[in-house]
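Numbering of the sequence shown is given in numbering that gives the first Met the number 0, commencing with residue 0 and proceeding in unit increments.
FYI, nobody ran anything at the bench for these hints, they're computed from the structure.
There may be inaccurate statements among the hints.
[Unchecked claim] No farther apart than 20 Å at their CA atoms in a straight line, the calculated lysine-lysine pairs in the PhoX-like style are these: (1) LYS34 x LYS20; (2) LYS20 x LYS73; (3) LYS61 x LYS34; (4) LYS20 x LYS68; (5) LYS61 x LYS40; (6) LYS20 x LYS61; (7) LYS40 x LYS68; (8) LYS74 x LYS34; (9) LYS74 x LYS33.
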Amino acid sequence: MLGEDHSLIVDFPELETEIQKLMQSDTEFAQENKKYTQLDKEIRSLELRNAPIDDDEMHRMKSERAFLKDALYKKLTSS
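From just these sequences and the hints, can you work out the full model?
In structure tokens:
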């Protein structure tokens with residue numbers, strides 16, 4: 000669905016405690032989560048405005064978001 004929020008807490012509510020813990024104790028996790036959240040907001044904004052960028056750029060942004068999300072999820076589930 001276009002414009003959907005993909006923040007970690009929304010997508011992984013069962014990991015909310017772990018997300019909050021890592022945000023406080025792991026600066027690398029916090030920085031990567033901030034980058035992920037900003038990219039997700041940018042993608043949502045573009046989608047809601049009918050993506051005023053070319054398809055290749057949107058695909059690149061979504062691929063980067065997926066890569067960041069996978070890395071963050073791996074860190075969440077391995078700690």
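Against the structure, the hints:
no. : hint          : in the structure
1   : LYS34 x LYS20 : holds, 18 Å
2   : LYS20 x LYS73 : holds, 15 Å
3   : LYS61 x LYS34 : holds, 13 Å
4   : LYS20 x LYS68 : holds, 17 Å
5   : LYS61 x LYS40 : holds, 11 Å
6   : LYS20 x LYS61 : violated, 26 Å
7   : LYS40 x LYS68 : holds, 14 Å
8   : LYS74 x LYS34 : holds, 15 Å
9   : LYS74 x LYS33 : holds, 15 Å
When the structure is compared with the earlier hints, a violation turns up for hint 6 alone.
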